[in-house]
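A.B. asks: Chain by chain, the residues run as shown.
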Amino acid sequence: MVTRQKIMTPQALLVLSVLGLVLAWLPLRANMQAPPQRIVSLIPAVTEMLFAVGADSQVVGVGSFDHYPPAVENLPRVGALLDPDLERILALRPDLVVVYRTQADLKQQLARSKIPIFEYAHAGLPDITRTMRQLGIAIGRAPEAEKVAGGIERALDGIRKRVAERPRPRVLVVFGRESGALRGIYASGGVGFINDMLTIAGGTNVIAQVNRESIQATTELILARRPDVILELRGTSATAQEIATMRADWNALKSVPAVANDRVHIIADERVVVPGPRVAEGTALLAGALHPQAFR
Amino acid sequence: MTSGIRRRVMLTVGAFGAVAAAAIALAPLVGSTPVDLRRALDRSIPFDQNVDAQILFVARLPRTLAGAVVGAALASAGVVFQGLLRNPLATPFTLGVSAGAALGAMLAITFNWSFAAFGISTVPMASFAGSLGAVLIVYALARARHSGLSTDVLLLAGVTMNAFFSALILFVQYFADFAETYRTLRWLMGDLDVSSYEPLITATPLILAAFVVFAWLARPLNVLSLGPDGAASRGVDVARVQRSAFLSGSVVTGAAVSVAGPIGFVGIIIPHLVRLMVGPDHRVVLPASALFGAAFLVGCDVLSRTLMSPIELPVGVITALIGGPFFLWLLVRKS
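Note that the protein sequences, when read in sequence, are chains A and B.
Here the first sequence stands for residues 1 to 296, where the numbers follow the numbering used here.
Here the second sequence stands for residues 1 to 335, where the numbers follow the numbering used here.
It cannot be assumed that every hint is accurate.
[Unchecked claim] Partner residues aside, some chain A positions facing chain B, computed with beta carbon under 7 Å:
#1 176
#2 178
#3 183
#4 216
#5 223
#6 224
[Claimed, not checked] Beta-carbon label-pair distances, calculated as ranges:
#7 248/A to 208/B: 27 to 35 Å
#8 48/B to 108/A: 53 to 61 Å
#9 251/A to 173/B: 26 to 34 Å
#10 239/A to 38/B: 39 to 47 Å
#11 324/B to 34/A: 55 to 63 Å
#12 37/B to 150/A: 52 to 60 Å
#13 115/B to 91/A: 37 to 45 Å
#14 190/A to 178/B: 49 to 57 Å
#15 248/A to 178/B: 23 to 31 Å
#16 37/A to 307/B: 48 to 56 Å
#17 44/B to 161/A: 42 to 50 Å
#18 161/A to 197/B: 44 to 52 Å
[What the hints assert, rightly or not] To give an idea of the chain A side of the interface with chain B (calculated C-beta under 8 Å), a few residues:
#19 19
#20 65
#21 133
#22 179
#23 180
#24 181
#25 184
#26 207
#27 215
#28 218
#29 253
#30 255
Note that these hints are calculated values from the structure, not bench results.
Source: prediction; values computed, not measured.
Where is the CB? At the ideal position from N, CA and C, for every residue including glycine.
Start from the sequences and build out the full structure, keeping to the hints where you can.
C.D. replies: Printed below as a string of structure tokens:
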């Protein structure tokens, strides 16, 4: 009895551990073998990331507001943040859906249909490359994602170094106002990726101490904070005429150094407002406006 | 006018006028930034370089004046609509004016329209056009089956137009992106930071012209409180009074909303409060409401820009936070 027990126990242990390893490895292997091939992305920034890491052929559906890269125009649209079209999403038979963190209903419905999701939420600039790496792992393109994310980080570092020795102007970053008037002005507060871009681009936010992504800036606030530079961002292109008109609107606030010294810049480019893979290019645009000598 | 009522009007206007004048004089001195008044008024510093003067005259004074004009307009329009509809719950926004204005503003913001005329930027223009459109539709409906103006039809048409325009607003919003949706929502909360005098220069003459009509309306509205038949039997041209009241009240409201968005509660609590103080005679209530409304909105604006500075609370939120509970108290107290 004693000898038998002695013989059985190591054998049983061995068998059990091998079995356990196989069992644990099987789903892992299944996952690694079959990265999602039918991805639906509802968020412009993540759609851009998917294309940037070379997942073009894996994307089968995009959100209503996705316009970059141009290839997305040929893909079916399935709604967006507030109005995701579940029926169309399911009809595309996705094996991964990129959702925004607040889309609670959609997440529930997808869970019911047993469709895996990738959750995303806008945050600071470091979250862009972090998201991209996580996305790379989730879709089986970790090396590509690492390459792109690393490239973005190196580009941002390069900008940071180029402006490091220069004096940092005090900047107001505006990303929306009523057309033709200095009313309903929205400006970047001290958090969020636009504030981070500004910091790397060598500027100091004049309303950095407001712990919010955006605030409505009154004319009084702008007059009192006296920014050296005003950067007005918009996501759509503008004609030279439009840009001239937008700049002229600011002349009412002549005592603001940015206005007096002609340092109001209108940057009409999608790259400065989408927290996606082109964010380093957007940051370079900001840096070029703030430090023209360094970026000639 | 008998000498008795003339004295009462003078006294009331004097008292409420003093309150309004004090509010308008003091409000520009308060804000999120300290301003050195001596420096602000120092003519030897060029205006372009004088920060204190720019804060005072570019940021604060226009919005204080806007608060005064809009407050006066909404409060007195409230009196006129309550008299016209003989309904104490009527507001300047009951008959669809604000919903039309909101639709105009939404369209301008969402589709990023850009046009300007007479120094007025796109959104105020679009909102004024929207309010005029709503007024004309409601007016045409109310006249369609009557020789005069049926207040029942007016009320029903107005309320229906409000609902219909609100649906159209949601429809337009559906095409907006998030930034635009947020901006349109913000517009609905009211904003007095006009940052220039131009919106006032255009809106004020319209409002003053309508105030002249209001002055003429005060007596007929008193008689109208007996009901249309009673008023007619006393020699009042009821149809004409109703028409003038509706159109002038709507123009005032449309102009006010185009300057500052639909700021709620001013048009209902101020008239009721003033009636509590001076009685129901429109000859006293109208000017007193205009002056008190001006003081009230200027005061609310001071709160909106100082309570959480440098973040600004929407002034419509302040008027609602004060106005809602106050109005409920008024209801309970009366009954």
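A.B. asks: Now, for every hint given, state plainly whether the structure supports it.
C.D. replies: Here's how the hints hold up against the structure:
1. With 7 Å as the threshold, the beta carbon of residue 176/A comes within range of chain B, its nearest partner Cβ sitting at about 5 Å, so the hint holds.
2. Taking 7 Å as the C-beta contact cut-off toward chain B, the hint placing residue 178/A at the interface holds, the least distance being around 5 Å.
3. Annotation: interface hint on residue 183/A holds; nearest CB of chain B at approximately 6 Å, less than 7 Å.
4. The closest approach between the C-beta of residue 216/A and any C-beta of chain B is roughly 6 Å, which is under the 7 Å cut-off, so the hint is satisfied.
5. The interface hint given for residue 223/A is met, as the beta carbon of that residue sits about 5 Å from the closest beta carbon of chain B, less than 7 Å.
6. With its C-beta approaching chain B no nearer than about 4 Å, residue 224/A sits inside the 7 Å limit, and its interface hint holds.
7. Distance hint for residue 248/A and residue 208/B: a CB-CB separation of about 31 Å, consistent with the stated range 27 to 35 Å.
8. Taking the beta carbon of each, residue 48/B and residue 108/A are about 58 Å apart, inside 53 to 61 Å as hinted.
9. Evaluation of the 26 to 34 Å hint for residue 251/A and residue 173/B yields a pass: the beta carbon distance comes to about 33 Å.
10. At about 45 Å, the CB distance of residue 239/A to residue 38/B agrees with the hint of 39 to 47 Å.
11. Between residue 324/B and residue 34/A the Cβ separation comes to about 58 Å, which falls inside the hinted range of 55 to 63 Å.
12. With their beta carbons about 57 Å apart, residue 37/B and residue 150/A fall inside the hinted range of 52 to 60 Å.
13. Remark: the range hint 37 to 45 Å for residue 115/B to residue 91/A is upheld by a beta-carbon distance near 42 Å.
14. For residue 190/A paired with residue 178/B, a C-beta distance near 21 Å fails the hint of 49 to 57 Å.
15. Restraint check, residue 248/A to residue 178/B: a C-beta distance of roughly 28 Å satisfies the suggested window 23 to 31 Å.
16. For residue 37/A and residue 307/B, the hinted distance range of 48 to 56 Å is satisfied, since their beta carbons lie about 54 Å from each other.
17. In this structure the supplied range 42 to 50 Å holds for residue 44/B paired with residue 161/A, their Cβ-Cβ distance being about 46 Å.
18. Roughly 47 Å separates the CB atoms of residue 161/A and residue 197/B, a value that falls within the hinted 44 to 52 Å.
19. Taking 8 Å as the C-beta contact cut-off toward chain B, the hint placing residue 19/A at the interface is violated, the least distance being around 52 Å.
20. Interface restraint check for residue 65/A: the shortest CB-CB distance to chain B comes to about 6 Å, inside 8 Å, so the restraint holds.
21. Hint status for residue 133/A relative to chain B: violated, with the closest Cβ pair at about 26 Å, above 8 Å.
22. Hint status for residue 179/A relative to chain B: holds, with the closest Cβ pair at about 5 Å, below 8 Å.
23. Interface restraint check for residue 180/A: the shortest CB-CB distance to chain B comes to about 4 Å, inside 8 Å, so the restraint holds.
24. For residue 181/A, the interface hint holds, the least distance from its beta-carbon to any beta-carbon of chain B being 4 Å, beneath 8 Å.
25. The interface hint given for residue 184/A holds, since its Cβ lies 6 Å from the closest Cβ of chain B, which is under the 8 Å cut-off.
26. With a cut of 8 Å, the hint placing residue 207/A at the interface with chain B holds, because the nearest CB-to-CB distance is about 7 Å.
27. The closest approach between the C-beta of residue 215/A and any C-beta of chain B is roughly 5 Å, which is under the 8 Å cut-off, so the hint is satisfied.
28. For residue 218/A, the suggested interface contact is upheld, since its CB lies about 5 Å from the closest CB of chain B, less than 8 Å.
29. Because the smallest distance between the Cβ of residue 253/A and any Cβ of chain B comes to about 7 Å, under 8 Å, the interface hint for this residue holds.
30. Here the hint on residue 255/A is kept, as its CB sits about 4 Å from the closest CB of chain B, short of 8 Å.
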